[in-house]
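Colleague: Let the hints inform the model, and build the full structure from the sequences given.
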Amino acid sequence: MYNEIASNKRKTVFIMLFFVLFVGSLGWLLGAGLGQPRLTPYILLGSLVYVIFSYYNGSKMALAISGAQEIKKQDNPRLWRIVENLAITEGLPMPKVYIMDDPAPNAFATGRDYNHSVVCATTGLLDIMTDAELEGVIGHELGHVKNYDIRVSMIAFALVVIIGFMADILLRLSWFRDNDDNGGNVFVIIGIAAGILAPLVAVMIQMAISRKREYLADATGALSTRYPEGLASALEKIGKYGSTMKKQNTSTAHLFFANPLKKGSIASLFSTHPPVEERVRRLRAMESNH
Numbered sequence: 001m002y003n004e005i006a007s008n009k010r011k012t013v014f015i016m017l018f019f020v021l022f023v024g025s026l027g028w029l030l031g032a033g034l035g036q037p038r039l040t041p042y043i044l045l046g047s048l049v050y051v052i053f054s055y056y057n058g059s060k061m062a063l064a065i066s067g068a069q070e071i072k073k074q075d076n077p078r079l080w081r082i083v084e085n086l087a088i089t090e091g092l093p094m095p096k097v098y099i100m101d102d103p104a105p106n107a108f109a110t111g112r113d114y115n116h117s118v119v120c121a122t123t124g125l126l127d128i129m130t131d132a133e134l135e136g137v138i139g140h141e142l143g144h145v146k147n148y149d150i151r152v153s154m155i156a157f158a159l160v161v162i163i164g165f166m167a168d169i170l171l172r173l174s175w176f177r178d179n180d181d182n183g184g185n186v187f188v189i190i191g192i193a194a195g196i197l198a199p200l201v202a203v204m205i206q207m208a209i210s211r212k213r214e215y216l217a218d219a220t221g222a223l224s225t226r227y228p229e230g231l232a233s234a235l236e237k238i239g240k241y242g243s244t245m246k247k248q249n250t251s252t253a254h255l256f257f258a259n260p261l262k263k264g265s266i267a268s269l270f271s272t273h274p275p276v277e278e279r280v281r282r283l284r285a286m287e288s289n290h
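Residue numbering for the sequence shown follows our numbering, beginning at 1 and increasing consecutively.
Mixed in with the good hints, there may be bad ones.
Unchecked claim - Derived DSS-like pairs (lysine-lysine); straight-line CA-CA distance at most 27 Å:
(1) 60 x 96
(2) 247 x 237
(3) 247 x 262
(4) 72 x 246
(5) 73 x 247
(6) 246 x 60
(7) 72 x 96
(8) 263 x 247
These are computed hints drawn from the structure, not numbers from a lab.
Modeller: The following block contains the structure:
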């Protein structure tokens, strides 16, 4: 189990470094396309400013988009107690607790660090889960907080937006650039290719990061509850009931415990969540090897 955690952390670092280099390369290409290579540092600085903005405001936007409501202990003592007990077990500050009014069993964590974290569960999750299963799900979400996945997710999402913006400008430059020389023709080809492929590559990188973090949070949650079967059982139950939310948004889908998007949609083809069956298999393998 500990080897699984260490392996996923290393892989995430490498993927994230590639992500940053990819943004830098697009920034350089954009500067060259504008005929001002010296603009590249300013393009990258603007990207950094946007990442910082997302870092500090992303969680508020995610909660607003999801329609989640903050609760206190008296509003739902069961959920509050489970979050509180697991936070104490993990040595974490008590996060804010939110509930979404949605029949689909799901949950998510957000925030920027231990002291500004949020755990949210749907009414559907609270209705169908036993205490052991709910502890498994909340342990997973607190695993995201403990492993700083909430920070990684915010940064990765901001980078995807930046790449999409750069790709759009590159496409427009390619169409409207004066291409009287061979150099201009080469840029048109490169610009169109980058404009079309860059957003796809960005989403695939985000998927790779998110999937590794999901496995990592599963392992961390299983360690905190000392009962991997609780989380495995919760995943199987969600696989049976489905996790498609009434209020769906692709910009926040990567935050959720299970894929909240409708199956068969274009967005679901680029799911940031690994298959439920594989997550269950890994959890039971961890339990047998523990």
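Colleague: Work down the list of hints and note, for each, if the structure agrees.
Modeller: Structure-based check of all given hints:
1. 60 x 96: 12 Å, holds
2. 247 x 237: 21 Å, holds
3. 247 x 262: Measuring from Cα to Cα gives roughly 10 Å; hence the hint holds.
4. 72 x 246: 24 Å, holds
5. 73 x 247: Distance ~26 Å between residue 73 and residue 247 Cα, so the pair holds.
6. 246 x 60: Holds, because 20 Å separates the two Cα atoms, which is no more than 27 Å.
7. 72 x 96: Roughly 9 Å separates the two Cα atoms, so the pair holds.
8. 263 x 247: 14 Å, holds
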